[in-house]
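Trainee: Sequence:
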Amino acid sequence: MRHCFTLLLLGLSFILPAQNSIRVNMPFLQDDRTSASYPEVIRLYEQLDSLHEALAVRTYGDTDAGFPLHLAILSIDGDFDPVSLRKKGKRILFINNAIHPGEPCGVDATMMLLQDYLLDPARREALEKVVVIAIPFYNIGGGLNRGSFSRANQEGPIEYGFRGNARNLDLNRDFIKCDSRNARTFNQIFQEWQPDVFVDNHTSNGADYQYTMTLIASHPAKLAPPLAGYLNDRLLPDLYRGMAKRGWEMTPYVNVDGTPDEGIYGFLDLPRYSTGYAALHQCIGFTPETHMLKPYRDRVWSA
Numbered sequence: 269m270r271h272c273f274t275l276l277l278l279g280l281s282f283i284l285p286a287q288n289s290i291r292v293n294m295p296f297l298q299d300d301r302t303s304a305s306y307p308e309v310i311r312l313y314e315q316l317d318s319l320h321e322a323l324a325v326r327t328y329g330d331t332d333a334g335f336p337l338h339l340a341i342l343s344i345d346g347d348f349d350p351v352s353l354r355k356k357g358k359r360i361l362f363i364n365n366a367i368h369p370g371e372p373c374g375v376d377a378t379m380m381l382l383q384d385y386l387l388d389p390a391r392r393e394a395l396e397k398v399v400v401i402a403i404p405f406y407n408i409g410g411g412l413n414r415g416s417f418s419r420a421n422q423e424g425p426i427e428y429g430f431r432g433n434a435r436n437l438d439l440n441r442d443f444i445k446c447d448s449r450n451a452r453t454f455n456q457i458f459q460e461w462q463p464d465v466f467v468d469n470h471t472s473n474g475a476d477y478q479y480t481m482t483l484i485a486s487h488p489a490k491l492a493p494p495l496a497g498y499l500n501d502r503l504l505p506d507l508y509r510g511m512a513k514r515g516w517e518m519t520p521y522v523n524v525d526g527t528p529d530e531g532i533y534g535f536l537d538l539p540r541y542s543t544g545y546a547a548l549h550q551c552i553g554f555t556p557e558t559h560m561l562k563p564y565r566d567r568v569w570s571a
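Residue 269 is where the sequence shown starts when you use this note's numbering, and the numbers rise one by one after that.
If you're looking for bench data, these hints aren't it; they were derived computationally from the structure. This structure is a prediction, so every number in the text was calculated from the model and none was measured. Fair warning: there could be bad hints in the mix.
[Stated by the list, open to error] For lysine-lysine, the following PhoX-like pairs were computed, each having C-alpha atoms within a straight-line distance of at most 20 angstroms:
1. K397 - K358
2. K397 - K356
3. K397 - K445
[Claimed, not checked] Label pairs and their calculated CB-CB ranges:
4. R311 - D349: 23 to 31 angstroms
5. L561 - R540: 20 to 28 angstroms
6. E308 - D476: 30 to 38 angstroms
7. G334 - S418: 19 to 27 angstroms
8. S352 - K445: 29 to 37 angstroms
9. S318 - K355: 42 to 50 angstroms
10. K355 - N473: 37 to 45 angstroms
11. E321 - I532: 41 to 49 angstroms
12. R509 - D388: 19 to 27 angstroms
13. S418 - T519: 21 to 29 angstroms
14. P505 - P307: 26 to 34 angstroms
15. E321 - C446: 44 to 52 angstroms
16. L561 - Q315: 27 to 35 angstroms
17. K356 - R452: 27 to 35 angstroms
For glycine and all other residues, C-beta sits at the position ideal for the given N, C-alpha and C.
My request is simple: use the sequences and hints to build the entire structure.
Mentor: Following this line, the structure appears as structure tokens:
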């Protein structure tokens, strides 16, 4: 089952005929040990944009690498205006990819996910009340600094980007302080779209366990009681059950410090992290963390 985590989010959140049945061929589908490079990703999104009226690709602001951020917008009725969509009662799901380009599962999974929704009428039904927006590649500078050895104990892909951005900043520590142009542009996008749910795709850094997919969710104490209740009582249980049903049983993120004797504790997502930033705006945040020691193929399909 493909790209299960985000697929479940869409299902939990009117069939129209697909405008074009042409399928854009992704590098991962040709060789599941590979991940698309930044130039390939942008080219593929532009191809999808040219083929489908329900998808628009826009550019925003600037980044430390000197390139703008791209934002893909999947809106079944062809309305790409956030104010208009809010007036229609649409919910906004925001997906961020390649904040750490050495962890590129979400890059490939999101491209395939959006294409599947564009081509499959049965899946498009889930988008009647939901609009999906996605940053294809957030850390462009790190993505251009491509190699095979900065995460040597990771099981694929063959080539991937580097954690630091063009100024060697860790962008997942920069959301509240905004030292990077990337973060300032992200703030612009977030404030303009005001998403209901935010997903920031990652891969873990080395703890060993059985699961391919782990999950960090917004701490409920950071959310208003109705939102916290919905997250704890409905959304999270449905996500865990759904992932298990699809063959990708999921566990909360394995956060350890030293040996197992020191225990496993919950991850504190302060506002410098993406999901902590989202919680400041009463947006439910998720950080899916695929397991770096599992094959790249499995990490992408579970994402």
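Trainee: The structure should be examined with respect to each hint, and the outcome stated for every one.
Mentor: Hint check results:
no. : hint                            : result
1   : K397 - K358                     : holds (5 angstroms)
2   : K397 - K356                     : holds (9 angstroms)
3   : K397 - K445                     : violated (34 angstroms)
4   : R311 - D349: 23 to 31 angstroms : holds (26 angstroms)
5   : L561 - R540: 20 to 28 angstroms : holds (27 angstroms)
6   : E308 - D476: 30 to 38 angstroms : holds (32 angstroms)
7   : G334 - S418: 19 to 27 angstroms : holds (22 angstroms)
8   : S352 - K445: 29 to 37 angstroms : holds (33 angstroms)
9   : S318 - K355: 42 to 50 angstroms : violated (28 angstroms)
10  : K355 - N473: 37 to 45 angstroms : holds (42 angstroms)
11  : E321 - I532: 41 to 49 angstroms : holds (47 angstroms)
12  : R509 - D388: 19 to 27 angstroms : holds (23 angstroms)
13  : S418 - T519: 21 to 29 angstroms : holds (26 angstroms)
14  : P505 - P307: 26 to 34 angstroms : violated (41 angstroms)
15  : E321 - C446: 44 to 52 angstroms : violated (35 angstroms)
16  : L561 - Q315: 27 to 35 angstroms : holds (33 angstroms)
17  : K356 - R452: 27 to 35 angstroms : holds (29 angstroms)
Checked against the numbered hints given earlier, the structure breaks hints 3, 9, 14 and 15 and satisfies all the rest.
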